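*Asks:* First to last, the sequence lines map onto chains A, B, C, D, E and F.
According to numbering that gives the first Met the number 0, the residues represented by the first sequence are 0 to 250, in order.
According to numbering that gives the first Met the number 0, the residues represented by the second sequence are 0 to 250, in order.
According to numbering that gives the first Met the number 0, the residues represented by the third sequence are 0 to 250, in order.
According to numbering that gives the first Met the number 0, the residues represented by the fourth sequence are 0 to 250, in order.
According to numbering that gives the first Met the number 0, the residues represented by the fifth sequence are 0 to 250, in order.
According to numbering that gives the first Met the number 0, the residues represented by the sixth sequence are 0 to 250, in order.
Rather than coming from a laboratory, the hints here were simulated on the basis of the structure.
Don't take each hint at face value.
Unchecked claim - From the derived model, a few chain F residues whose C-beta atoms are all more than 12 angstroms from chain D:
hint : residue
1    : K5
2    : N8
3    : V40
4    : I43
5    : K55
6    : L86
7    : I98
8    : D136
9    : W146
10   : I153
11   : D159
12   : Y181
13   : K191
14   : E228
15   : V242
As the list claims (entries may be wrong) - Derived pair list, reagent style SDA-like, types lysine to any residue, alpha-carbon separation capped at 20 angstroms:
hint : chain 1 : residue 1 : chain 2 : residue 2
16   : D       : K5        : D       : R132
17   : A       : K18       : A       : S131
18   : C       : K231      : C       : S74
19   : A       : K246      : C       : P200
20   : A       : K139      : C       : I212
21   : A       : K55       : A       : I208
22   : B       : K243      : D       : P34
23   : B       : K188      : B       : T216
24   : C       : K133      : A       : P207
25   : D       : K133      : A       : I208
26   : F       : K55       : F       : D190
27   : D       : K185      : F       : E13
28   : D       : K109      : B       : A167
29   : D       : K210      : D       : K17
30   : B       : K156      : B       : A167
31   : C       : K243      : A       : I208
32   : C       : K139      : C       : I212
33   : D       : K243      : B       : T216
On a predicted model such as this, the values are computed, not experimentally measured, just so you know.
Backbone N, C-alpha and C define an ideal beta-carbon position, used for all residues, glycine too.
There are 6 protein chains.
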Amino acid sequence: MYENLKIENMTWQEFEKKKDNVIILPIGATEQHGPHLPLCVDTILAQEFAYRIGEKIDGVVAPALSYGYKSKPLSGGGPLFPGTIDLNGITLQSLVMDIIDEFVCDGFTKILILSAHFENEAFIIEAMDLCSRKYGDKVKILLTNWWDPMSPDIIDKVFDKVPFPGWALEHAAVTETSLMMYFSPKLVKEDKIINTDNVSPATYFRYPIEKDIVPPTGVLASAKSSSAEKGKIIVDNVVPNIVKIVKRAFG
Amino acid sequence: MYENLKIENMTWQEFEKKKDNVIILPIGATEQHGPHLPLCVDTILAQEFAYRIGEKIDGVVAPALSYGYKSKPLSGGGPLFPGTIDLNGITLQSLVMDIIDEFVCDGFTKILILSAHFENEAFIIEAMDLCSRKYGDKVKILLTNWWDPMSPDIIDKVFDKVPFPGWALEHAAVTETSLMMYFSPKLVKEDKIINTDNVSPATYFRYPIEKDIVPPTGVLASAKSSSAEKGKIIVDNVVPNIVKIVKRAFG
Amino acid sequence: MYENLKIENMTWQEFEKKKDNVIILPIGATEQHGPHLPLCVDTILAQEFAYRIGEKIDGVVAPALSYGYKSKPLSGGGPLFPGTIDLNGITLQSLVMDIIDEFVCDGFTKILILSAHFENEAFIIEAMDLCSRKYGDKVKILLTNWWDPMSPDIIDKVFDKVPFPGWALEHAAVTETSLMMYFSPKLVKEDKIINTDNVSPATYFRYPIEKDIVPPTGVLASAKSSSAEKGKIIVDNVVPNIVKIVKRAFG
Amino acid sequence: MYENLKIENMTWQEFEKKKDNVIILPIGATEQHGPHLPLCVDTILAQEFAYRIGEKIDGVVAPALSYGYKSKPLSGGGPLFPGTIDLNGITLQSLVMDIIDEFVCDGFTKILILSAHFENEAFIIEAMDLCSRKYGDKVKILLTNWWDPMSPDIIDKVFDKVPFPGWALEHAAVTETSLMMYFSPKLVKEDKIINTDNVSPATYFRYPIEKDIVPPTGVLASAKSSSAEKGKIIVDNVVPNIVKIVKRAFG
Amino acid sequence: MYENLKIENMTWQEFEKKKDNVIILPIGATEQHGPHLPLCVDTILAQEFAYRIGEKIDGVVAPALSYGYKSKPLSGGGPLFPGTIDLNGITLQSLVMDIIDEFVCDGFTKILILSAHFENEAFIIEAMDLCSRKYGDKVKILLTNWWDPMSPDIIDKVFDKVPFPGWALEHAAVTETSLMMYFSPKLVKEDKIINTDNVSPATYFRYPIEKDIVPPTGVLASAKSSSAEKGKIIVDNVVPNIVKIVKRAFG
Amino acid sequence: MYENLKIENMTWQEFEKKKDNVIILPIGATEQHGPHLPLCVDTILAQEFAYRIGEKIDGVVAPALSYGYKSKPLSGGGPLFPGTIDLNGITLQSLVMDIIDEFVCDGFTKILILSAHFENEAFIIEAMDLCSRKYGDKVKILLTNWWDPMSPDIIDKVFDKVPFPGWALEHAAVTETSLMMYFSPKLVKEDKIINTDNVSPATYFRYPIEKDIVPPTGVLASAKSSSAEKGKIIVDNVVPNIVKIVKRAFG
């Protein structure tokens, strides 16, 4: 239903007419999400938020990046799970820089990056900073994760049955599961959702990674009590919040 | 219909069981394809061939790379068309190297890269060579474009009305248009297919690019006489040919 | 008083004897810290924690890195303040990788990195990951910031008069000011400590940076109620907590 | 006889006067060329064409690059033959970029790169593109291989006894052997020219390289029927064709 | 006593006022210096000269770089000694480039780099050259080692008892030992100074390094006859000589 | 006359038989050498020494690198002279690393690099060090300039009429001119040799480069009294000295 926002579906002549609009780059990851969610969760989430935001602001949405920066044990389960297919930091950074440069080259000046993978942030920002030095005030580049702009009261609504573990540990847990149940219910194996205690947040990082700090399922906090309704509550709050940010930032 | 081949749809536990199978990485591009085809042609083609090959060899298909190496005027129209969003060579190379490394890290030893963008080749091969030096005989990495393994007699069948311009110039022309009509007819604007003379192949490269060597539409050879049937003829020939290559190369 | 822990003071023959001990690399930054604190705060803090930890575990302390990764507006005031002298991410990463490699080459297998600059984390971890792939289980590399291992009840004790703004915003505020009053009181201009409301945390990142999101002083949260006693409370809690982490991680 | 075109023979004062002329950079390779040709074939060919073109257009010729990008099995025999001494792609790219930058710095604005090694192309073009972005229309950079501008009827004349295998496979075969017999007959061991069937062109690339896809001699197509006369025929056709390209491109 | 010159001690507001002054970056190393001197000799020397020069020219002194480029056997004993903790060339180069860029970004246009480690020179100069291309005449960047500007008659005074071995071999020998006795006597173990013949200078470089070309102590020339007085003689000559250079170069 | 030593003249089968011998890589530069010498002086010198050494030790000589690292004002006249065509440091380093890797891949274990350009040294050594870490004791890599192994008494013989200015300043002066008169007299314009005072050696480096520190001719010390005889004296001394070094280093 968002087909007309997707630049992959446009001819170059259709795309050319959009250059004064906001262009959105969704960035996800290919990463384990426990026994009940597929590897593409972060990419799906980045795309689905991008489409809904794009629709509100008459933006266009570029093809998502399906591979992200390295998963860490206590925010994504880490590299030891099969199916977590990670990029080096400099690779993600270069990829984002090249794409920003091409957007600018095609005449776009309002670029929104929508990331749904916790670990991507630092390398996307480094790319934004280095590009921005070239373009100055002529080009504005904005990054938001989908969770940071969520209103505090929504956290209370969503975490009515299980405690909120903090965003780093919200991996394959209530918010991601609820959003997938809302966006793409066929990809959720509800029968595989199991009770699990919240993992303790990291106070340090050690390499080689200690295997026993992550549960063997890869789930960092309970996904029990997830529902499509909660997914909708999140979306209905986050999308207008990000639209507000976008309007102020590009105003 | 190929949903069960796509690693993005798998949980990590499902993915883990596939590690002795072939893993296929489709690589496309985001590139102008004239007034009648969308920007995603190369990505769609890479994916659709990957799924059909994957099905025959019990392989799995990783998320496609939607951005490729720089379009050149006389094989893709070049960088001056809006919507052609290109990576630097070293970025594509790094991206492919990181992903190969992760496949190997997860236990895969048979990697097939399926590219549908003419200009990608050199940088994918550089990535394959540098990775292969690390892994030696333990890991086999194969690259095919979809057009190279086509049987010569199929070229005659497909080019029954317009002359075959060579693969470099077959851009937004009969083969790509026919394949899109077969794979994804809704994305083809048949009424925008126009008669055009074949462009002359390049005998040199000049930078800055000479604008007048590419037709203003971005179409390098006529797409007239394209049909879904021709798309099917190509697929029915190429898929088994690549399956043969794969079996011999990984045998 | 920690002179005998500092490797810069050792001859090579003295250093050689320490190779079975923990080697600690403090990483700071040169960054604005408001009108009452000097540019070296992060470096001093990294060093002073390193010395106290080193003393407890019979470790040695390498020369600190005085320049860190780029300050961000809502965790350090950002690049627009004079005196914030930042490295690119890849530079910090390479620097840490080279130094880890040299420690390992000299026979050390237990490496503790102590960072006191919020923004350093991602690039230090990338360095640790890439080095660790070469060394496997033979070498253990640990990173802690000084704030993450602080016990929750200490936060209550320290923030008895002003609200805790979260660690990102604790910049030039109560904890950093108190620690400097404890470690290096001469470098604190107490008369320049002013009342300031806590800045709101970022829900997005925009480049070019919006100047008006950071107070003109560069102070992100009030430093009122800071004292050397509070500095001591923090140190007396954090040092043994990190010692515990170190013992478990290198055990 | 072309001594006065070679910039290596000029003093800096003589060189300075040439800055409005075309400067030609020959790029070859050090690569196996079967039992009858020396390792320097590609470098000799690049130079000899460069001199003859330079003479016609009052150009100057810079020292050739004697090492090129990696030989591939089915266009050069590949890396497994001793004497094939290859550069990584990024090294060749950087080398060409640095040299272009220096030419421009010395005032030259018309740069012709003459490559005689099939595999060099992609990395030279990447260098040209990246440099050209800095210089815009002020500097024109042209690349030609010696074979692309050959007139079709010359192919018929040269391949009067053996079939034309396509340019990729024309390695150590009729054209290269004939050109060497014309340019540098002492370096050709005519008695070592053997009958060989044309190798089949590649429809895929596999790493590690399959040894049995290349004949043990390293010759990819028969060099029988080669002669200095055929070499002259090629030169007499290609040189004026490239001169035409140069005049139009720099016009 | 030079506390007010050190930018680490300044607030950002104090630093901002200095932007028309000279900013000095001391670059040392962490390197073996025999049994009688500590690993920090080069860093101490770079700093101490920087402070004294800074005082004379109203300059400010940035935090020193404590790690330098790779020690070579016949100018620093080489990498085989524990405690010699070296950076790769490109890392030092990037580090210096980033810092120069930040100084310029903060408004400084007169940058003096004071190096005390023989092997640093080439990579610092590469950094200076690459930065200078961006800034042109607006920014002046100067590098001096502390030994090059020494007046010839001072060499005679200092080497009154032992022969001058040339600067490359003056490692842990009379000048470095005398300067340390003057700057930081507590760090000199005078009883460990032993008689040693001057090593022969290198006429070649071989890798892997030949262990037997460096004395087992790491001292390349005798430190006998060193004294704090000689240290003072050097300082009293070099500081005004460098001040003269600075004034002319930035004049 | 040294044709049989040059690997460019060999077939791959001839080259393969030499893998237990020493392989020599000459590295020169393309650099101004005053009004009386051509731009290729350093390359010619590197090659001619390489051939004579190769002959004595039954070595083989690889194609020379004709472009070197950046000329500096007081050792080569610097970048402001047209015809000085320099590489960035990292480019030269990568080039040397790739070539060493390929020599090793072809079975060679004794590699001699002969440089004739003062400024090349640091980047060649960095390449040697990084390669050597991979190969350990199995591969020995040696670098000599042609001037360092010269016997001291030869300096006296050669500088019988003009003072020896030190090797950095011996640019386009007596030794280089005499060697060119011996090796390649046609390329020397003797009538352009002019009297010039020796330039003063640098005690510092400044960027942007000060134009007035180099004579407008680019000659740094007088070439008067140069002769082919002096060239021969140098060669007859240096060649056996380097042969001795080679035998000891590879022994």
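*Asks:* None of the hints should be skipped; say for each whether it holds.
*Replies:* To see whether the hints hold, each was checked on the structure:
1. Remark: the non-interface label on K5/F conflicts with the geometry, its nearest Cβ contact in chain D lying 8 angstroms away (cut-off 12 angstroms).
2. Not every beta carbon of chain D lies more than 12 angstroms from that of N8/F, the smallest distance being close to 5 angstroms; the non-interface claim is violated.
3. Consistency note on V40/F: stated as away from chain D, yet its beta-carbon is not over 12 angstroms from all of that chain's, at 9 angstroms minimum.
4. Some Cβ of chain D comes within 12 angstroms of the Cβ of I43/F; the nearest lies about 8 angstroms off, and the non-interface call is violated.
5. Look at K55/F: its CB is around 23 angstroms from the nearest CB on chain D, clear of 12 angstroms, so calling it non-interface holds up.
6. For L86/F, the requirement that its beta carbon stay farther than 12 angstroms from each beta carbon of chain D is not met, with the minimum near 5 angstroms.
7. For I98/F, the condition that its CB be more than 12 angstroms from all CB atoms of chain D is violated, with the nearest at approximately 6 angstroms.
8. Taking the minimum C-beta to C-beta distance to chain D, about 23 angstroms, the non-interface status of D136/F holds against the 12 angstroms cut.
9. Taking the minimum C-beta to C-beta distance to chain D, about 21 angstroms, the non-interface status of W146/F holds against the 12 angstroms cut.
10. The Cβ of I153/F sits about 28 angstroms from the closest Cβ of chain D, beyond the 12 angstroms cut-off, so the non-interface label holds.
11. Even its closest Cβ contact with chain D, about 27 angstroms, leaves D159/F beyond 12 angstroms, as expected for a residue assigned away from the interface.
12. For Y181/F, the shortest C-beta to C-beta distance to chain D comes to about 17 angstroms, beyond the 12 angstroms cut-off, and the non-interface label holds.
13. K191/F, annotated as away from the interface, has a beta carbon of chain D within 12 angstroms; the closest lies near 8 angstroms.
14. Separation of E228/F from chain D is adequate, the least Cβ-Cβ distance of about 24 angstroms exceeding the 12 angstroms criterion.
15. For V242/F, the shortest C-beta to C-beta distance to chain D comes to about 25 angstroms, beyond the 12 angstroms cut-off, and the non-interface label holds.
16. Using a Cα cut-off of 20 angstroms, the hinted pair K5/D and R132/D is violated, with the two alpha carbons roughly 28 angstroms apart.
17. Between the alpha carbons of K18/A and S131/A the distance comes to roughly 18 angstroms, so the proposed pair stays at or under 20 angstroms and holds.
18. Between K231/C and S74/C the CA atoms are separated by roughly 24 angstroms; this puts the pair beyond 20 angstroms, and the hint is violated.
19. Taking the CA atoms of K246/A and P200/C, the gap is about 19 angstroms. The hint holds against a cut of 20 angstroms.
20. Between the alpha carbons of K139/A and I212/C the distance comes to roughly 16 angstroms, so the proposed pair stays at or under 20 angstroms and holds.
21. In summary, the hint linking K55/A to I208/A is not supported, as the alpha carbons are separated by about 43 angstroms, beyond the 20 angstroms threshold.
22. At roughly 34 angstroms between alpha-carbon atoms, K243/B and P34/D are farther apart than 20 angstroms, so this suggested pair is violated.
23. A hinted pair counts as satisfied when its Cα atoms are at most 20 angstroms apart, and K188/B with T216/B qualifies at roughly 14 angstroms.
24. Only pairs whose Cα atoms come within 20 angstroms are accepted, and K133/C paired with P207/A is accepted, the gap being roughly 10 angstroms.
25. Distance check on the hinted pair: K133/D and I208/A sit about 44 angstroms apart at the alpha-carbon level, beyond 20 angstroms; violated.
26. At most 20 angstroms may separate the alpha-carbon atoms for a hinted pair to count; K55/F and D190/F exceed this at roughly 35 angstroms.
27. At most 20 angstroms may separate the alpha-carbon atoms for a hinted pair to count; K185/D and E13/F meet this at roughly 16 angstroms.
28. For the proposed pair K109/D and A167/B, the alpha carbon gap of about 27 angstroms is over 20 angstroms, so the pair is violated.
29. With a C-alpha separation of about 48 angstroms, the suggested pairing of K210/D with K17/D is violated against the 20 angstroms cut-off.
30. At most 20 angstroms may separate the alpha-carbon atoms for a hinted pair to count; K156/B and A167/B meet this at roughly 19 angstroms.
31. With a C-alpha separation of about 18 angstroms, the suggested pairing of K243/C with I208/A holds against the 20 angstroms cut-off.
32. Restraint check: the Cα-Cα separation between K139/C and I212/C comes to about 40 angstroms, which exceeds 20 angstroms; the hinted pair is violated.
33. Among the hinted pairs, K243/D with T216/B is inconsistent with the structure: their alpha-carbon atoms are about 28 angstroms apart, more than 20 angstroms.
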